[in-house]
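If you're matching them up, the sequences are chains L and F in order. Residue numbers for the first sequence follow the numbering used here, so the first one is 1 and each next one is one higher. Residue numbers for the second sequence follow the numbering used here, so the first one is 1 and each next one is one higher.
Think of the hints as simulated: they come from the structure by calculation, not from any bench. Computed from a prediction, not measured in an experiment: that's the story for all the values here. You may find that some hints are simply not true.
[As the list claims (entries may be wrong)] Not close to chain F: a few residues of chain L, all C-beta gaps over 12 Å, as computed:
{"hint": "1", "residue": "46"}
{"hint": "2", "residue": "115"}
{"hint": "3", "residue": "133"}
{"hint": "4", "residue": "141"}
{"hint": "5", "residue": "146"}
{"hint": "6", "residue": "173"}
{"hint": "7", "residue": "179"}
{"hint": "8", "residue": "201"}
{"hint": "9", "residue": "228"}
{"hint": "10", "residue": "240"}
{"hint": "11", "residue": "285"}
{"hint": "12", "residue": "307"}
{"hint": "13", "residue": "337"}
{"hint": "14", "residue": "355"}
{"hint": "15", "residue": "357"}
[Unchecked claim] Some chain F residues close to chain L (C-beta under 8 Å, calculated; not the full set):
{"hint": "16", "residue": "9"}
{"hint": "17", "residue": "12"}
{"hint": "18", "residue": "13"}
{"hint": "19", "residue": "16"}
{"hint": "20", "residue": "44"}
{"hint": "21", "residue": "45"}
{"hint": "22", "residue": "67"}
{"hint": "23", "residue": "69"}
{"hint": "24", "residue": "70"}
{"hint": "25", "residue": "120"}
{"hint": "26", "residue": "121"}
{"hint": "27", "residue": "123"}
{"hint": "28", "residue": "124"}
{"hint": "29", "residue": "126"}
{"hint": "30", "residue": "127"}
[As the list claims (entries may be wrong)] List time: in silico SDA-like cross-link candidates among lysine to any residue, alpha-carbon distance up to 25 Å:
{"hint": "31", "chain 1": "L", "residue 1": "227", "chain 2": "L", "residue 2": "264"}
{"hint": "32", "chain 1": "L", "residue 1": "328", "chain 2": "F", "residue 2": "26"}
{"hint": "33", "chain 1": "L", "residue 1": "390", "chain 2": "F", "residue 2": "128"}
{"hint": "34", "chain 1": "L", "residue 1": "361", "chain 2": "F", "residue 2": "67"}
Idealized CB from N, CA, C, for every residue including glycine.
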Amino acid sequence: MFRNHIQMQGKPLIWLDNASTTFKPDCVREAVDFYYTNETSNSHRGDYDLCAAVDKKINETRETVAAFINCKPNEVVFTSGTTNSLNLVAFGYGAKYLTKDDEILLTEAEHASNVLPWYKVHEMTGATIKFIPLDEEGRLTPENLRKTITNKTKIVSVAMVTNVLGYIAPIKELAKICHEFGALVVCDGAQSVPHLRTDVQDLDCDFLAFSGHKLCGPTGIGVLYGKFPLLCKMEPFMTGGGMNAKFDLCGDVAYLEPPLRFEAGTQNIEGILGLKAAIDYINKLGIDNIEAYEAELKRYAVSELEKTGNAIIYNAHSEAGIVTFNIKDVFAQDAATFLNSRGIACRSGQHCAKILINFLKTVATVRASFYFYTTKEDIDALVDAVKHGKEFLDAYFI
Amino acid sequence: MPTSFELTPSLMREIIMDHYSSPAHKGKPTEDGYLKIHTDSVNCIDDFDVYVKVDGDKVVDAKWDGVACTISSSSTDILCEQVIGLDFKKAHYMIEQYLNMIEEKPYDASVLDEALVFVNTGKQAARIHCATMGWNAMDELLNEEEKK
Chain L
1 MFRNHIQMQG
11 KPLIWLDNAS
21 TTFKPDCVRE
31 AVDFYYTNET
41 SNSHRGDYDL
51 CAAVDKKINE
61 TRETVAAFIN
71 CKPNEVVFTS
81 GTTNSLNLVA
91 FGYGAKYLTK
101 DDEILLTEAE
111 HASNVLPWYK
121 VHEMTGATIK
131 FIPLDEEGRL
141 TPENLRKTIT
151 NKTKIVSVAM
161 VTNVLGYIAP
171 IKELAKICHE
181 FGALVVCDGA
191 QSVPHLRTDV
201 QDLDCDFLAF
211 SGHKLCGPTG
221 IGVLYGKFPL
231 LCKMEPFMTG
241 GGMNAKFDLC
251 GDVAYLEPPL
261 RFEAGTQNIE
271 GILGLKAAID
281 YINKLGIDNI
291 EAYEAELKRY
301 AVSELEKTGN
311 AIIYNAHSEA
321 GIVTFNIKDV
331 FAQDAATFLN
341 SRGIACRSGQ
351 HCAKILINFL
361 KTVATVRASF
371 YFYTTKEDID
381 ALVDAVKHGK
391 EFLDAYFI
Chain F
1 MPTSFELTPS
11 LMREIIMDHY
21 SSPAHKGKPT
31 EDGYLKIHTD
41 SVNCIDDFDV
51 YVKVDGDKVV
61 DAKWDGVACT
71 ISSSSTDILC
81 EQVIGLDFKK
91 AHYMIEQYLN
101 MIEEKPYDAS
111 VLDEALVFVN
121 TGKQAARIHC
131 ATMGWNAMDE
141 LLNEEEKK
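Please build the complete structure, drawing on both the sequences and the hints.
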């Protein structure tokens, strides 16, 4: 299973870019392949067995997702991924209900996908965007939310785990404060749902967005969870086939109930079926085991990188399996090229969190991110490269 | 011999690092009369401006300024060094030969001088854009000037 069956730069591939995407177990590839080999047909479209079989599997996937995050199946909207999910909330809810007197709260650590849709809502409604200050380590704390939230705040949209720093936000406490003020909590779960237990009822978040491909599923499939009454209030931002109950020549239209209201057009059926296989796989491993193992890898990586004396680590104390660092005196992208030359895939740059540079006070960083199949040997290879960081131009000459 | 000296790997590294840590042509022009073009990258942090001053059909000065990785900094600095004094035709020819070299196509090494240190960039596909963005920007800037 898993690994790309290739070498990189003539060396065994060491994949430390799991925050970007993850490898696919055979069962996921087989689920996708099975659909095209045996079941090709559209959903909701026919009165024949093939179509009914696909419809059944899509419903089963909705149930699997619902059980995975502890919600009801009709609260699971299929999207193309986290970005699509967050845009759906921003345009379907934010643009419809917010006004110029309202406020949206974000943090500087958010991914572009949880910032730019809200900038659009600001443009469309005049609502003000404010940033909840992070503490000195980069955490989002309930205290700082309390200092920033007002009666005008209508939406608080934050990552449950930030993609650069990897702190776990205390969503349950944050949601309680937001609800005291009558604000909704939108949770970007792209970096959290694949790695730690997510119970939307316990967290009491109003919306949760996540992607399939970061939890071993196919690309192009994701989920928006929304509390059902909120989904019912939301505007679809795409209309078309598969989401309307009826329409006539006078322009009268009746939309289907959520979640189908938000699933216009033929869905990413292979993605949906692959997502089910991925979640079944994760459930077999146990999400709590995954969380504990990644925390152990994180501690190991930080401790070994610190021993080299050659790394500047920006998030030594965060919980998730993400280490953001620079090699001393080596520009982040040059470091990433050097790692590439040793077969190690790490991300460099601003990691789509372009406003975080104000906080980190560096223009770019290298990010190593882990998953359940990452080994200590993978981390040892990274550490060895960091030790030899001064030789980064070797990437071009050896 | 394409260069006035023998290019050993250690000398090539030294040239790259020298133009990265002490770029001779980095900085905004302090006088008027420069043409400017901006260039940036989705894949890398590189985000800089390239400036050129021309007199008739001749480049009399070239500069760059902004944020850039080792490869884009030093390749752009070397470009500035070498384009000064060339007429448009020779400048375009040098740029074309450089881009051919980076893309691992046949090229005329006799006009590239220090820029030959980037001959191995193709080994690191993710950095090809870094090694060429300053050069492509300069080419476009000169094309715009010629159209005037």
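These are the hints, each one checked on the structure:
{"no.": "1", "hint": "46", "in the structure": "holds, 42 Å"}
{"no.": "2", "hint": "115", "in the structure": "holds, 17 Å"}
{"no.": "3", "hint": "133", "in the structure": "holds, 25 Å"}
{"no.": "4", "hint": "141", "in the structure": "holds, 30 Å"}
{"no.": "5", "hint": "146", "in the structure": "holds, 36 Å"}
{"no.": "6", "hint": "173", "in the structure": "holds, 36 Å"}
{"no.": "7", "hint": "179", "in the structure": "holds, 39 Å"}
{"no.": "8", "hint": "201", "in the structure": "holds, 39 Å"}
{"no.": "9", "hint": "228", "in the structure": "holds, 39 Å"}
{"no.": "10", "hint": "240", "in the structure": "holds, 31 Å"}
{"no.": "11", "hint": "285", "in the structure": "holds, 32 Å"}
{"no.": "12", "hint": "307", "in the structure": "holds, 26 Å"}
{"no.": "13", "hint": "337", "in the structure": "violated, 5 Å"}
{"no.": "14", "hint": "355", "in the structure": "holds, 15 Å"}
{"no.": "15", "hint": "357", "in the structure": "violated, 10 Å"}
{"no.": "16", "hint": "9", "in the structure": "holds, 5 Å"}
{"no.": "17", "hint": "12", "in the structure": "holds, 7 Å"}
{"no.": "18", "hint": "13", "in the structure": "holds, 5 Å"}
{"no.": "19", "hint": "16", "in the structure": "holds, 6 Å"}
{"no.": "20", "hint": "44", "in the structure": "holds, 5 Å"}
{"no.": "21", "hint": "45", "in the structure": "holds, 4 Å"}
{"no.": "22", "hint": "67", "in the structure": "holds, 6 Å"}
{"no.": "23", "hint": "69", "in the structure": "holds, 4 Å"}
{"no.": "24", "hint": "70", "in the structure": "holds, 5 Å"}
{"no.": "25", "hint": "120", "in the structure": "holds, 4 Å"}
{"no.": "26", "hint": "121", "in the structure": "holds, 7 Å"}
{"no.": "27", "hint": "123", "in the structure": "holds, 6 Å"}
{"no.": "28", "hint": "124", "in the structure": "holds, 5 Å"}
{"no.": "29", "hint": "126", "in the structure": "holds, 6 Å"}
{"no.": "30", "hint": "127", "in the structure": "holds, 5 Å"}
{"no.": "31", "hint": "L:227 with L:264", "in the structure": "holds, 20 Å"}
{"no.": "32", "hint": "L:328 with F:26", "in the structure": "holds, 23 Å"}
{"no.": "33", "hint": "L:390 with F:128", "in the structure": "holds, 21 Å"}
{"no.": "34", "hint": "L:361 with F:67", "in the structure": "holds, 14 Å"}
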